[in-house]
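**Q** The opening position of the sequence shown corresponds to residue 1 in this note's numbering, with each subsequent residue numbered one higher.
If you're looking for bench data, these hints aren't it; they were derived computationally from the structure. Please note: incorrect hints may appear among the correct ones.
Unchecked claim - Simulated restraints, written as ranges between beta carbons of each label pair: (1) N114 <-> I16: 30 to 40 Å; (2) G23 <-> A59: 26 to 36 Å; (3) D74 <-> R113: 18 to 28 Å; (4) E62 <-> Q105: 44 to 54 Å; (5) M103 <-> L17: 26 to 36 Å; (6) E69 <-> G24: 22 to 32 Å; (7) N104 <-> L73: 46 to 56 Å; (8) E99 <-> G23: 30 to 40 Å.
Every residue, glycine too, gets a C-beta built ideally from N, C-alpha and C.
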Amino acid sequence: MKTIEYYMGLPYRIEILPDPDEGGYVVRYPDLPGCLTVGETMNDALANAEDAKRAWIAAALEDGVRIAEPESLDDYSGQFKLRIPKSLHRSLAEHAKAEGTSMNQYCLYLLSRNDALKVPN
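Starting from the given sequences, assemble the full structure and let the hints guide the process.
**A** Written as structure tokens, this is what we have:
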């Protein structure tokens, strides 16, 4: 049987977001549903996150709840194929050329910029 220490040692992804309503920071573990905490400072939030994770895991083990293990980046190649309209392909190529970069780099920039705008629920 896996223990609290086993799960505490796993590299769970952590999200730290400013709390615009209350101030301070909200911390959550996306792989551990409902495991979240807050802190007035980033350091407080991170310290509280470890306590919240330990308490969440302990409760899950006690209640027999399945605990997901974090996904590994090894599961992703970093590549995917995308079919787009020819007009969009031309537009992207022209914009990349104007920026003095490859279309791959330009598309990576666009995807990264727009993904960073995504606000988690």
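**Q** State for each hint whether it applies.
**A** Each hint tested on the structure:
Range check, N114 to I16: about 21 Å between beta-carbon atoms, so the 30 to 40 Å window is missed. Restraint check, G23 to A59: a C-beta distance of roughly 28 Å satisfies the suggested window 26 to 36 Å. Distance hint for D74 and R113: a CB-CB separation of about 26 Å, consistent with the stated range 18 to 28 Å. For the hinted restraint 44 to 54 Å between E62 and Q105, the CB-CB distance of approximately 50 Å keeps it satisfied.
Our hint of 26 to 36 Å for M103 and L17 holds, since their Cβ atoms are close to 33 Å apart. Look at E69 against G24: about 29 Å separates their beta carbons, and that is inside 22 to 32 Å. A hinted range of 46 to 56 Å is violated for the C-beta pair N104 and L73, which are about 20 Å apart. E99 and G23 have their C-beta atoms about 39 Å apart, which keeps the hinted 30 to 40 Å range intact.
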